[in-house]
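Peer 1: Sequence:
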Amino acid sequence: MISEESRARFEKEVAKYPADQRQSAVMACLAIAQQELGHVSAESELEIAAFLGMAPMAVHEVTTFYNMYNQHPVGKYKLNVCTNLPCQLRDGARALRHLEAKLGIGMGESTPDGLFTLQQCECLGACADSPVLLVNDRTMCSFMTNEKLDQLVDGLRAAEGKV
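The opening residue of the sequence shown carries number 22 in my numbering; numbering runs sequentially from there.
By construction, these hints were calculated from the structure, which means they are not laboratory data. Among these hints, one or two may not hold up.
[Said to hold, decoys possible] Heads up, simulated BS3-like pairs for lysine-lysine below, C-alpha to C-alpha not over 30 Å straight-line: (1) K97 to K123; (2) K169 to K183; (3) K123 to K169; (4) K97 to K33.
All chains should be built: construct the whole structure from the sequences, respecting the hints.
Peer 2: Printed below as a string of structure tokens:
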């Protein structure tokens, strides 16, 4: 399932650690698998476990602990809205509700066209900038009013030609 190119990238990550600590590269290998497949499947977890000489459950524990690993296919744009208490007190819940209404989906769901997946997440470390969200685990958006949320979604749709 995982390509030879990705396995070569695994080797580069493993080389960063002492030979007896191959398992230290588990997070990097999970990220590489996700880049290739779009998510971390149960099969890819098994391949990574075998590659690193780890128990499959140990790899699964890492996958399920961190929000950045998608265990199922997600939309092209994954929107993670912070719902930790400080953000809740500064309109985090409002932002999540607004996006649910705007996208026509509930938290944890994807739009029928596969463009958006909406998730909640724990602290993004920007409480003073709330409400905040993270797009595709890379781009932080702060002070997200309803208008800014609409602009974000509409802009991403326009970029895909789906206005």
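Peer 1: Give a verdict on every hint.
Peer 2: Here's how the hints hold up against the structure:
1. For the hint pairing K97 with K123, the CA-to-CA distance comes to about 17 Å; that is within 30 Å, so the pair holds.
2. As the CA atoms of K169 and K183 are separated by approximately 18 Å, the hinted pair is consistent with the 30 Å bound.
3. Taken as a hint, the K123 and K169 pair is honoured in the structure, with Cα atoms around 12 Å apart against an allowance of 30 Å.
4. A C-alpha spacing of about 27 Å is found between K97 and K33, which places the hinted pair at or below 30 Å, so the restraint holds.
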